[in-house]
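Undergrad: So the chains spell out like this:
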Amino acid sequence: MRKFSVLVLILTLALFSAACSSNNASSTDKSGKTKSDKEITIVIDQNFITLDPHNAGDTVSIYGIRSMYEGLVGFDKDMSIVPALAESYEISKDGLTYTFKLREGVTFHDGEPFNADAVKANYDRIMDDANNLSAKRSLKFVDSMDIIGDYEVAFKLKEPFSAMINKFGMVPMISPKAIEEGTKYIEANPVGTGTFKFVEWKQGKTLEVEKYADYWGGDQTNVEKVKFSPVPENGSRVAMLKTGEADFVYPMPQQNVKEFKNSKDATIEETPSTIVRYVSINTFKDPYKDLKVRQAMNLAVDKKAYIQVVKNGFGHVLDSTMAPETQYYAKQKSYEFNVKKAKELLKEAGFENGFESEIWGNTSSESVKGMEFIKQQLAQIGIDVTIKSMEEGTLSDEIYTPEKPEDAKVQMWYVSWSPSSGDADGATRGLFSSEYFPPNGANTAYYDNDKVSNWIKEANASADPKEQEKIYNDIQRTVYQDAPWIFLASDVNLAGHSNNLEGVYVAPDGVINISKAQMK
Amino acid sequence: MWQYIVKRLVSLIPLLLVVSFIVFMFIHIIPGDPARLLAGKDATAEEVEMARASLGLDKPLYEQYFVYLKDTLTGDMGYSVKSGAAVSELIGDRILPTLGLTFLSIIWALVVGILIGVISAVFRNKWLDHLGMFIAVSGISLPNFWVGLVLIQLFSVQLGIFPTGGAEGWKSYIMPSFALGAGIMAMIARFTRSSLVESMKQDYIRMGRAKGLGSRQIIFGHGLKNSLIPVVTVAGLQFGFLLGGSVVVETVFSFPGLGTLLIDSIQFRDYPVVQAEILLFAFQFIVVNMIIDIAYSYLNPKIRYE
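Protein chains in written order, with numbering that gives the first Met the number 0: chain L, 0 to 519; chain S, 0 to 305.
You may find that some hints are simply not true.
So these bits of chain S aren't anywhere near chain L, every CB distance computed over 12 Å [said to hold, decoys possible]:
no. : residue
1   : Ile29
2   : Asp75
3   : Asp128
4   : Gly211
Keeping only pairs whose Cα atoms sit at most 30 Å apart, straight-line, the calculated DSBU-like set for lysine-lysine is [what the hints assert, rightly or not]:
no. : chain 1 : residue 1 : chain 2 : residue 2
5   : L       : Lys310    : S       : Lys69
6   : S       : Lys40     : L       : Lys284
7   : L       : Lys183    : S       : Lys170
8   : S       : Lys58     : L       : Lys456
9   : L       : Lys403    : S       : Lys40
10  : L       : Lys408    : L       : Lys260
11  : L       : Lys403    : S       : Lys170
12  : L       : Lys450    : L       : Lys224
13  : L       : Lys408    : S       : Lys69
14  : L       : Lys224    : S       : Lys170
15  : L       : Lys260    : L       : Lys284
16  : L       : Lys139    : L       : Lys288
17  : L       : Lys374    : L       : Lys403
18  : S       : Lys125    : S       : Lys224
19  : L       : Lys135    : S       : Lys125
20  : L       : Lys226    : L       : Lys201
21  : S       : Lys170    : L       : Lys201
22  : L       : Lys303    : L       : Lys342
23  : S       : Lys69     : L       : Lys374
24  : S       : Lys301    : L       : Lys469
25  : L       : Lys37     : S       : Lys170
26  : L       : Lys139    : S       : Lys6
27  : L       : Lys450    : S       : Lys125
28  : S       : Lys224    : L       : Lys76
29  : S       : Lys40     : L       : Lys368
30  : L       : Lys387    : S       : Lys40
So, partial list: chain S residues that the calculated Cβ filter (under 10 Å) puts toward chain L [to be verified]:
no. : residue
31  : Ala44
32  : Met49
33  : Ala50
34  : Ala294
35  : Ser296
36  : Lys301
Calculated from the structure, these hints are not laboratory results. All residues carry an ideal CB built from backbone N, CA and C; glycine is no exception.
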């Protein structure tokens with residue numbers, strides 16, 4: 000037994016000395032990290048799922064990828080389309096041919112030249128069914144691709160598609176040499192043309208990229224190395240910005256913003272987002288079939304109070320079917336909070352004493368808070384709402400599996416949406432066309448208006464931006480008046496950065512852009 | 000003894016088969032559809048079906064189970080639905096940090112817990128006992144995520160001694176292992192105390208005193224050893240739990256362990272990852288239990304296994 004007590008003693012001593020030595024070792028740097036001045040750490044809330052640029056669907060993977068890759072066109076700070084690997088493009092009058100003039104003198108990170116053959120190699124990879132890549136959906140309207148010259152390519156469409164140019168922005172170009180190596184290679188060894196090139200990715204831990212010296216656009220950044228680090232816990236991300244372990248933090252939790260008000264070290268940036276928050280109302284069911292009921296529900300909810308209570312004051316009243324940063328957005332006259340008028344409308348619809356209702360949503364604390372807010376607001380006009388919050392996978396099953404509208408049990412769904420490439424089609428077709436009822440799409444309001452469904456088709460068939468704009472104007476006006484949703488708010492993106500760092504921003508689609516990062 | 004161990008290991012096989020069957024059925028029967036989650040929110044029915052076929056989920060359930068069983072037996076755990084990465088790689092990346100964290104937590108919890116327990120028992124109803132039990136009660140009642148956040152605020156934000164999270168270098172293990180071990184330490188302290196108090200009333204202790212043994216020898220040589228059986232049981236079970244990874248502490252310290260991987264996988268209905276992880280936990284738990292049983296026979300020679 001003496002041995003045992005000696006062991007205890009040694010272990011105790013070891014623990015003590017560990018605790019003490021840690022004190023000495025790190026008293027030198029507050030953040031507990033060693034890094035050069037030109038190295039930055041970007042802290043985000045989720046893991047990257049994949050680095051295959053043709054197979055990424057989630058926002059986090061997309062910005063990891065866009066730090067190293069570029070497409071023929073790209074997105075600007077406000078989601079407008081800008082030239083990238085293509086110097087310019089032309090769309091034929093019938094909207095069926097897209098001709099790109101490619102930039103000359105561009106090299107991939109592995110030294111391969113970028114040219115028409117490289118575009119072709121990427122196109123072939125995506126369109127090959129055996130590869131089963133999600134990017135194929137971006138190009139589903141494309142019929143064929145032709146090489147016109149070394150630096151000129153043309154895509155032929157099966158039918159006109161208004162958002163096609165945005166979709167080209169969703170297709171990054173991979174080095175043809177990497178494509179030859181196959182998908183496993185591409186996943187582990189990203190080779191693009193971006194301002195940063197790949198260093199290392201540890202699944203579930205960090206992604207490191209470093210400056211690409213031969214970038215075609217010249218010297219865009221003075222940052223040598225960028226490390227993306229996923230930290231899911233809100234409080235920990237905030238702490239990392241305070242300790243200096245993080246140079247850029249996104250998303251910044253709303254409730255922590257005021258802690259940085261007087262900070263000398265860090266600044267919080269608020270930028271617009273394309274995410275819209277709403278309650279989709281099942282217009283196929285009684286009593287929601289009645290337009291007056293849906294309008295009354297919209298009038299009964301105080302959106303400004305919603306933003307204060309649920310979103311901590313961060314957001315804008317949703318005054319259309321899409322957020323202001325979305326293509327062809329048109330502001331509508333929003334439903335002003337008016338309980339008296341709402342009651343009158345309900346009375347006209349024959350529900351003077353209100354009715355019982357149910358709202359569904361996921362289990363996140365913000366969703367629960369949002370649903371409680373809706374319940375409390377609708378109670379003002381006699382609608383008695385039961386809240387049912389469900390785990391995400393179960394909820395998705397309940398919403399998307401009913402084969403026919405009459406089988407759907409959902410009455411109201413508290414949810415959000417953002418179009419993946421900031422285009423009006425992505426913010427409209429899947430949500431409001433009667434061809435996209437579940438399980439075929441996300442029209443969970445079962446909104447059925449022939450006029451709108453036809454307009455959506457017409458907008459796609461038109462190649463004229465002026466005409467498209469007019470059609471989307473009509474669509475937004477009509478849908479907003481028909482109120483298949485309770486229109487709540489559009490989000491803002493909140494990000495925090497150390498005051499030494501400039502040029503990193505969050506675009507409206509939630510994608511972090513680091514291509515012009517500058518350290519002071 | 001060796002015979003016993005071999006027998007126990009052989010009995011693992013049917014147990015793991017049953018576990019694999021139950022896990023497989025449960026995860027496939029609960030609502031949620033990886034094909035839809037993979038295809039994305041704006042996918043059409045056709046695209047969802049394509050995703051389902053590519054995952055092999057369109058086949059009958061029993062067929063899927065046999066494919067899974069065959070692959071598992073040949074050491075192929077499959078690929079993650081969500082990321083396409085090999086499941087063996089995903090788990091391999093995270094098992095070492097989790098093991099490290101588990102060992103650190105258990106070791107400090109055992110050392111400090113037994114120490115407090117012994118002190119409390121020896122100075123029963125004195126202020127040292129009250130202090131010890133106060134620490135123990137605090138350890139049990141303070142939620143570990145809260146302890147974690149307080150540690151971050153204090154040692155990372157204010158003092159800058161430890162990094163806020165991650166698993167790079169030994170420094171990043173200190174705070175999470177403290178937060179994880181606090182509750183276990185407290186439990187061990189309580190068990191040690193009550194068990195030792197009980198032992199000290201036994202005849203052989205009185206005998207020892209009559210023989211003129213020093214009190215240190217009596218406590219550590221006779222009393223403590225005989226009091227350790229409940230302590231080993233508690234520590235062993237907690238050890239088994241910790242091997243599964245702690246979701247809460249891993250999240251607070253953004254620690255890349257098995258717990259968060261499991262939660263992520265369940266949310267995404269990432270069937271291959273969930274199945275592999277649960278099978279691994281079951282295996283670990285059974286092995287830990289076996290080690291506890293063997294430890295009993297060392298602590299109390301009356302317990303013998305054939």
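Undergrad: Would you mind marking each hint as holding or not holding in the structure?
TA: Evaluated hints:
A cut-off of 12 Å between C-beta atoms contradicts the statement that isoleucine 29/S is not in contact with chain L; the least separation is 8 Å. Aspartate 75/S, annotated as away from the interface, keeps every beta carbon of chain L farther than 12 Å; the closest lies near 15 Å. With a least beta-carbon separation of about 19 Å from chain L, aspartate 128/S lies farther than 12 Å from that chain, consistent with its non-interface assignment. No Cβ of chain L approaches the Cβ of glycine 211/S within 12 Å, the least distance being about 17 Å, so the stated non-interface status holds.
Proximity of lysine 310/L to lysine 69/S is assessed by CA-CA distance (about 50 Å); at most 30 Å being required, the pair is judged violated. Under the criterion of a C-alpha separation no larger than 30 Å, the hint pairing lysine 40/S with lysine 284/L is consistent with the structure, at around 23 Å. Pair hint lysine 183/L plus lysine 170/S does not hold up; C-alpha atoms about 34 Å apart against a cutoff of 30 Å. Distance restraint check for lysine 58/S and lysine 456/L: the Cα-Cα separation of roughly 36 Å exceeds the 30 Å cut-off, and the hinted pair is therefore not satisfied.
For a cut-off of 30 Å, the pair hint linking lysine 403/L to lysine 40/S stands: about 18 Å separates their Cα positions. Taken as a hint, the lysine 408/L and lysine 260/L pair is broken in the structure, with Cα atoms around 46 Å apart against an allowance of 30 Å. Of the supplied pair hints, the one linking lysine 403/L and lysine 170/S is violated, its CA atoms being roughly 57 Å apart against a limit of 30 Å. The hinted pair formed by lysine 450/L and lysine 224/L fails the criterion: a straight-line CA distance of about 53 Å is larger than 30 Å.
A C-alpha spacing of about 40 Å is found between lysine 408/L and lysine 69/S, which places the hinted pair above 30 Å, so the restraint is violated. Taking the CA atoms of lysine 224/L and lysine 170/S, the gap is about 23 Å. The hint holds against a cut of 30 Å. Between lysine 260/L and lysine 284/L, the direct Cα distance comes to roughly 48 Å. Violation of the 30 Å bound is thereby established for this hinted pair. For the suggested pair lysine 139/L and lysine 288/L, the alpha carbons sit about 35 Å apart, so the restraint of at most 30 Å is broken.
Annotation: proposed proximity of lysine 374/L to lysine 403/L holds, straight-line Cα distance about 28 Å (limit 30 Å). Taken as a hint, the lysine 125/S and lysine 224/S pair is honoured in the structure, with Cα atoms around 23 Å apart against an allowance of 30 Å. Distance check on the hinted pair: lysine 135/L and lysine 125/S sit about 74 Å apart at the alpha-carbon level, beyond 30 Å; violated. Simply put, lysine 226/L and lysine 201/L have alpha-carbon atoms about 11 Å apart, close enough for the 30 Å limit, and the pair holds.
Taking the CA atoms of lysine 170/S and lysine 201/L, the gap is about 19 Å. The hint holds against a cut of 30 Å. Restraint check for lysine 303/L and lysine 342/L: the C-alpha separation of about 20 Å stays at or below 30 Å, so the hint holds. A hinted pair counts as satisfied when its Cα atoms are at most 30 Å apart, and lysine 69/S with lysine 374/L does not qualify at roughly 51 Å. With a C-alpha separation of about 89 Å, the suggested pair lysine 301/S and lysine 469/L falls outside the 30 Å cut-off, and the hint is violated.
Straight-line distance between C-alpha atoms of lysine 37/L and lysine 170/S comes to about 24 Å, which keeps the hinted pair within the 30 Å bound. At roughly 59 Å between alpha-carbon atoms, lysine 139/L and lysine 6/S are farther apart than 30 Å, so this suggested pair is violated. Taking the CA atoms of lysine 450/L and lysine 125/S, the gap is about 84 Å. The hint is violated against a cut of 30 Å. Note on lysine 224/S and lysine 76/L: the hinted pairing is violated, with a Cα-Cα distance of about 69 Å set against a maximum of 30 Å.
Between lysine 40/S and lysine 368/L the alpha-carbon distance is near 23 Å, which keeps this suggested pair within the 30 Å criterion. With a C-alpha separation of about 21 Å, the suggested pair lysine 387/L and lysine 40/S falls inside the 30 Å cut-off, and the hint holds. Taken as an interface hint, alanine 44/S checks out: its beta carbon lies about 4 Å from the nearest beta carbon of chain L, inside 10 Å. Satisfaction of the interface hint for methionine 49/S is found here, the shortest Cβ-Cβ separation to chain L being roughly 8 Å, below the 10 Å cut-off.
Given the 10 Å rule on beta carbons, the hint for alanine 50/S holds: about 8 Å separates it from the nearest Cβ of chain L. For the restraint placing alanine 294/S at the interface with chain L, the shortest Cβ-Cβ distance is roughly 13 Å, beyond the 10 Å limit, so the hint is violated. Of the supplied interface hints, the one on serine 296/S is violated, with its beta-carbon coming no nearer than about 17 Å to a beta-carbon of chain L, more than 10 Å. With 10 Å as the threshold, the beta carbon of lysine 301/S stays out of range of chain L, its nearest partner Cβ sitting at about 18 Å, so the hint is violated.
In terms of the numbered hints stated before, the structure departs from hints 1, 5, 7, 8, 10, 11, 12, 13, 15, 16, 19, 23, 24, 26, 27, 28, 34, 35, 36, listed from lowest to highest.
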